[in-house]
Amino acid sequence: MAAKDKHHSTAIASLLNDVRAARPLVHQITNYVSVNDCANAVLAIGGAPVMADDADEVVEMVGIASALVLNIGTLNRRTIETMLLAGRRANELGKPVVLDPVGAGATALRTETAKMLLRELKLAVVRGNISEISALVGEAGTTRGVDASGLEGDAAKVAVRLAKASGASVAVTGAVDVIADDNRIVKVANGHPLLTRITGTGCVATALIGAFSGVIDDYSLAAAGGLVCLGIAGERAAAVHSGTGSFRVGLMDSLSGLQVQDVLDEARVHVE
Amino acid sequence: MAAKDKHHSTAIASLLNDVRAARPLVHQITNYVSVNDCANAVLAIGGAPVMADDADEVVEMVGIASALVLNIGTLNRRTIETMLLAGRRANELGKPVVLDPVGAGATALRTETAKMLLRELKLAVVRGNISEISALVGEAGTTRGVDASGLEGDAAKVAVRLAKASGASVAVTGAVDVIADDNRIVKVANGHPLLTRITGTGCVATALIGAFSGVIDDYSLAAAGGLVCLGIAGERAAAVHSGTGSFRVGLMDSLSGLQVQDVLDEARVHVE
Amino acid sequence: MAAKDKHHSTAIASLLNDVRAARPLVHQITNYVSVNDCANAVLAIGGAPVMADDADEVVEMVGIASALVLNIGTLNRRTIETMLLAGRRANELGKPVVLDPVGAGATALRTETAKMLLRELKLAVVRGNISEISALVGEAGTTRGVDASGLEGDAAKVAVRLAKASGASVAVTGAVDVIADDNRIVKVANGHPLLTRITGTGCVATALIGAFSGVIDDYSLAAAGGLVCLGIAGERAAAVHSGTGSFRVGLMDSLSGLQVQDVLDEARVHVE
Numbered sequence: 416m417a418a419k420d421k422h423h424s425t426a427i428a429s430l431l432n433d434v435r436a437a438r439p440l441v442h443q444i445t446n447y448v449s450v451n452d453c454a455n456a457v458l459a460i461g462g463a464p465v466m467a468d469d470a471d472e473v474v475e476m477v478g479i480a481s482a483l484v485l486n487i488g489t490l491n492r493r494t495i496e497t498m499l500l501a502g503r504r505a506n507e508l509g510k511p512v513v514l515d516p517v518g519a520g521a522t523a524l525r526t527e528t529a530k531m532l533l534r535e536l537k538l539a540v541v542r543g544n545i546s547e548i549s550a551l552v553g554e555a556g557t558t559r560g561v562d563a564s565g566l567e568g569d570a571a572k573v574a575v576r577l578a579k580a581s582g583a584s585v586a587v588t589g590a591v592d593v594i595a596d597d598n599r600i601v602k603v604a605n606g607h608p609l610l611t612r613i614t615g616t617g618c619v620a621t622a623l624i625g626a627f628s629g630v631i632d633d634y635s636l637a638a639a640g641g642l643v644c645l646g647i648a649g650e651r652a653a654a655v656h657s658g659t660g661s662f663r664v665g666l667m668d669s670l671s672g673l674q675v676q677d678v679l680d681e682a683r684v685h686v687e
Numbered sequence: 416m417a418a419k420d421k422h423h424s425t426a427i428a429s430l431l432n433d434v435r436a437a438r439p440l441v442h443q444i445t446n447y448v449s450v451n452d453c454a455n456a457v458l459a460i461g462g463a464p465v466m467a468d469d470a471d472e473v474v475e476m477v478g479i480a481s482a483l484v485l486n487i488g489t490l491n492r493r494t495i496e497t498m499l500l501a502g503r504r505a506n507e508l509g510k511p512v513v514l515d516p517v518g519a520g521a522t523a524l525r526t527e528t529a530k531m532l533l534r535e536l537k538l539a540v541v542r543g544n545i546s547e548i549s550a551l552v553g554e555a556g557t558t559r560g561v562d563a564s565g566l567e568g569d570a571a572k573v574a575v576r577l578a579k580a581s582g583a584s585v586a587v588t589g590a591v592d593v594i595a596d597d598n599r600i601v602k603v604a605n606g607h608p609l610l611t612r613i614t615g616t617g618c619v620a621t622a623l624i625g626a627f628s629g630v631i632d633d634y635s636l637a638a639a640g641g642l643v644c645l646g647i648a649g650e651r652a653a654a655v656h657s658g659t660g661s662f663r664v665g666l667m668d669s670l671s672g673l674q675v676q677d678v679l680d681e682a683r684v685h686v687e
Numbered sequence: 416m417a418a419k420d421k422h423h424s425t426a427i428a429s430l431l432n433d434v435r436a437a438r439p440l441v442h443q444i445t446n447y448v449s450v451n452d453c454a455n456a457v458l459a460i461g462g463a464p465v466m467a468d469d470a471d472e473v474v475e476m477v478g479i480a481s482a483l484v485l486n487i488g489t490l491n492r493r494t495i496e497t498m499l500l501a502g503r504r505a506n507e508l509g510k511p512v513v514l515d516p517v518g519a520g521a522t523a524l525r526t527e528t529a530k531m532l533l534r535e536l537k538l539a540v541v542r543g544n545i546s547e548i549s550a551l552v553g554e555a556g557t558t559r560g561v562d563a564s565g566l567e568g569d570a571a572k573v574a575v576r577l578a579k580a581s582g583a584s585v586a587v588t589g590a591v592d593v594i595a596d597d598n599r600i601v602k603v604a605n606g607h608p609l610l611t612r613i614t615g616t617g618c619v620a621t622a623l624i625g626a627f628s629g630v631i632d633d634y635s636l637a638a639a640g641g642l643v644c645l646g647i648a649g650e651r652a653a654a655v656h657s658g659t660g661s662f663r664v665g666l667m668d669s670l671s672g673l674q675v676q677d678v679l680d681e682a683r684v685h686v687e
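Chains as they are written, first to last, in my numbering: chain S, 416 to 687; chain B, 416 to 687; chain Y, 416 to 687.
Incorrect hints may have been included.
Remember, identical chains collapse to one label, so a pair may be satisfied in a single copy or spanning two.
Stated by the list, open to error - With a straight-line cut-off of 20 Å between C-alpha atoms, the simulated SDA-like cross-links for lysine to any residue are:
1) Lys510 - Ala571
2) Lys530 - Lys572
3) Lys530 - Asp471
4) Lys537 - Gly509
5) Lys537 - Arg504
6) Lys579 - Glu496
Calculated directly from the structure, the hints in this document are not laboratory data.
The shape of chain S in the complex, shown without the other chains (with noise of 0.2 Å):
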């Protein structure tokens, strides 16, 4: 691994220390699949999870929260507008907020929702497979539901193209998440198959990423920071167990337990 890809993993440690000691409030306006998970995986990390979608109260919320995160994964009238009411105050304060277009290119109400929070809020990170993000920059994916499809290829194209139009950080997750914004792309080979046999880790990566956009505004790196982290507790916990159900406890156990030297040791970020 290059020097400055040792740099990566050192700052990226130095990020997971910062979240334990800040213990950033993330506010996530999400859906109720994989919710729970998305608030324990937070306070796994360090952070503090909040869950409130009302119009009359996100705005206040948001107030007192250090990063908000939008995740369209069962999304309807009443939680987009406020996400949109949220997304608005968020950018109004100054803090970051986090899009995960679950399922975008599956339906029109998702495309479209997705899009609509790209146009109207900016975003610090917008993190999809690579079927959700193709969707975003008009390519034909072939998302079925929120699965991503064979196109990792193209993951640094799309993140390229979707980074520029939107001034986010945009991360593509797969076998190599693959994270693009306008001056660097910066890729992570963390990870293992077995998180995409578990629902919702996806969400997961995002809600980590809301926490580490809380504590530093180079959103790429929050971004990497997430992903490297999920992806260090994905492999130790496919190191001890097989079954989906086990793997899902290992992860958050791994999660609680990480380490910065864990991340130092077995980070795998390189920066292009």
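Take the given structure of chain S and dock chains B and Y to it, following the hints.
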């Protein structure tokens, strides 16, 4: 076990292979209590789950799904409307619709919603406990919430009645599961009492039936497939775990690790 | 421990027996983050959970329940209305209503909703952390989301104030839990710091109090029962598990395996 029963075990083992090969997308409009387990169980058995419940997208989502599961566990006016929309679209497209009438008999809203869905939709499978299914055929049940009462002996009777009235395969789950359609009764003896000590195993059963319904149009066999796999997984988990937390984890491990040979060896299915 | 404290341990042990014998149905209108844990915890302690939150059914569901739990963790206009409907019906029927004012103090919507429920309903128990309960008695708390701040020493003061103002038993949970009503203060010293590292343990505490309230009308004792059982289960789980994923599983195992003798041996309850 008679020859025709062995034939059924073989058929179910083969179905499990089909689920893992085809990876059917199971669109679920379900409750927020057990939704995470329903998603993880479908993944564990080899399918792909997607949850979407907004009127603006369910019609489109049904279009890419292999099966639709409707679960009234935490129904409300908004989701009742979208269940009907999604169900009608699935009927137009000839895709199987599986209903879980959670808590029918406990409140008029649940009983009437389940009856309305039975009347308005052509259902592939209805799965409930004896109290719930009894409520749908006008029997005075003793439903207490989502809890079955001591009417096991009448399971076949009410299953047959609802099957005749609706044209669906009707699965009444209990110590022995009974599945009726208009020309046979299938009984599944797999399972373990610990399955009643954690929430959502009924919902999980229905979700698994959804996955199996996505790969075969003999819906009684699909129902048997889901119930045999859940039952064996429950037996295997209970052999190792007695606490309800560990049992829940072990159940998911057993589902994700379930092999075709396990079904051949351990299925207790009987056809009358 | 003084004789009267031993008397309380005995009373709580006896209550645990009563819960398991009576299997009270606990109707919960609660948040979608911790709802699954709340259902499984009520099952583990020996009760039966039912979640229902639509205006068209909550009045009827309260009619068959033994206790009603209102939790504002992800409140919205629709569920605020149904909490009020359900609570009024429970009051008419003389059934206990237990309130968890999650995040009171964090936003005006939460504070005002909790105050409205306190004003409109006769509550059996209110359980919150020091920040939440302080917000309800007009103290300037330092609530940050659902997170308690360093006001432990004032727990008894605010508990007594809210108890006097509302007529409810008020439980302020923390390192030592304090329960106040108009003629005594009960302290529960069971528990473990890991309980604060996973989401929803406050909600679970309230759900367990709901189960105990379903079998006795001394609501301070019911609150102590729920908190002692959760505290002992937390201690036992923490003795075996340090990762937050395993701890959460172990907590449910400990609740489901908790014996009357364990309560007699390990309860740390003190009456002033």
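Numbered hints the structure breaks, given as an ascending list: Violated hints (numbers, rising): 1 and 6; every other hint is consistent with the structure.
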